[in-house]
Amino acid sequence: MQPQPKVLTVLIILSIVLFFGALGMVFLYAPLEAVMNYVQKIFYFHISNAWVGMLGFIVAAVTGTVYLVTKDLKWDIVELAAVEISLVFFFIAIVSGSIWAKPSWGTWWTWDARLTTAAILEMIYLACLLLRQGIEDPERRARFSAVYTLVGALSVPITFLSIRIWQTIHPAVIGAGSSGALGSFGMTPPMLNTMFFCLITFSVIFVTLLWYRIRLGQLAEQVAQLKIETLQ
Amino acid sequence: MIAYAISIKYMVTGYAVIFIVLALYLASLFVRWKNLKRDLRILN
Chain A
1 MQPQPKVLTV
11 LIILSIVLFF
21 GALGMVFLYA
31 PLEAVMNYVQ
41 KIFYFHISNA
51 WVGMLGFIVA
61 AVTGTVYLVT
71 KDLKWDIVEL
81 AAVEISLVFF
91 FIAIVSGSIW
101 AKPSWGTWWT
111 WDARLTTAAI
121 LEMIYLACLL
131 LRQGIEDPER
141 RARFSAVYTL
151 VGALSVPITF
161 LSIRIWQTIH
171 PAVIGAGSSG
181 ALGSFGMTPP
191 MLNTMFFCLI
201 TFSVIFVTLL
211 WYRIRLGQLA
221 EQVAQLKIET
231 LQ
Chain B
1 MIAYAISIKY
11 MVTGYAVIFI
21 VLALYLASLF
31 VRWKNLKRDL
41 RILN
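Quick mapping for you: the protein sequence lines, in order, are chains A and B.
Numbering-wise (the working numbering), the first sequence opens with residue 1 and increments by one.
Numbering-wise (the working numbering), the second sequence opens with residue 1 and increments by one.
Keep in mind the hints are simulated off the structure, nothing from the lab.
Heads up, some of the hints might be wrong.
Claimed, not checked - If you want a taste of the chain A side facing chain B, the calculated C-beta under 10 angstroms gives, among others:
1. M1
2. I165
3. L216
4. Q222
We put the CB at the ideal spot given by N, CA and C, even for glycine.
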C-alpha cells in the first residue's frame, strides 16, 4: 500500500477547516428564520447531506458503468466506496429532516412523496450492500453491483423531482414546490450564502472520504489476496 | 411561530445526531484501516 498522498492530507485538513467554517456560517452568520427560528438551522446540513448522498449514488452508477465497460475491478472498489458513504450521508439527511419535521409539521414522519421516495432510495442502496455480501466471486459481485447501482440510480431523479411532480408537504428550496408545502421560508442572501458554503463543504468532505474509502478498499483487496496466497 | 425553547431543543437534537452518525462512520473507517494494517503485517 502506497503512503498517503499529500493531496489527500491537504483535502483532510481542508475538510476539517471547511466543516468548522460551515458551522460558523450556520450559527454566527445566517440569520434566524422568523417562524421556525433555531430549528431552521438544521436545514443547512440537512440539504448538504442529501446533496452528497445523491451525488454519491450517481457516482456509483457512473463507476458501475465504467466497470461494465472495462471489467476492471478497481472501479468496483470506487463504486462500493461511493455507495457506502452516500448511505451514511443520506441517512443523516433523512433523520435530520425528521427532527426538523416534528416542530414544523407536527410529526416525525409522514408517508408523503418526498419522504417515501427518500426512504426507498436509502433502502435500495442498503440492499445493494447486503446482497453483495452473498456473492463470493469478485467478478460476479462487481457485475451484479454495477447493474444494480445503474438501475437504482433511476430513483435519484425520482426522489429529487418528487416535490415537483406530486402533492407534498416537503418544501422546495429551488423553484416552486407543491402548493401544500409546509415549512417553506424566504431565503435571504446570508441564508443563501450559508447554504452554498455548506454544499461546497460537504462536497469536499465527500471527495475526501471517497478517496480514503477507496484506499481502504484497495488495502482490503491486498489483504484478501495475501490470505488466498497463504492458504494455497 | 415555534417557541424558542422547543426550537432550540430540536436544533440541538438534529446537530447531535449529525455529529454522532458522522463520528461513528469516521471511527468505523479508522478501525477497519487499523485492522487491515495489522492483518497485512501478520501476513507479510
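Okay, the hints, checked on the actual structure:
This hint holds: M1(A) has a C-beta 7 angstroms from the nearest C-beta of chain B, less than the 10 angstroms allowed. For the restraint placing I165(A) at the interface with chain B, the shortest Cβ-Cβ distance is roughly 27 angstroms, beyond the 10 angstroms limit, so the hint is violated. This hint holds: L216(A) has a C-beta 6 angstroms from the nearest C-beta of chain B, less than the 10 angstroms allowed. The beta carbon of Q222(A) is positioned within 10 angstroms of a beta carbon in chain B (closest approach about 7 angstroms), and the interface hint is therefore held.
Hint 2 from the earlier list is the only one contradicted by this structure; the remaining hints agree with it.
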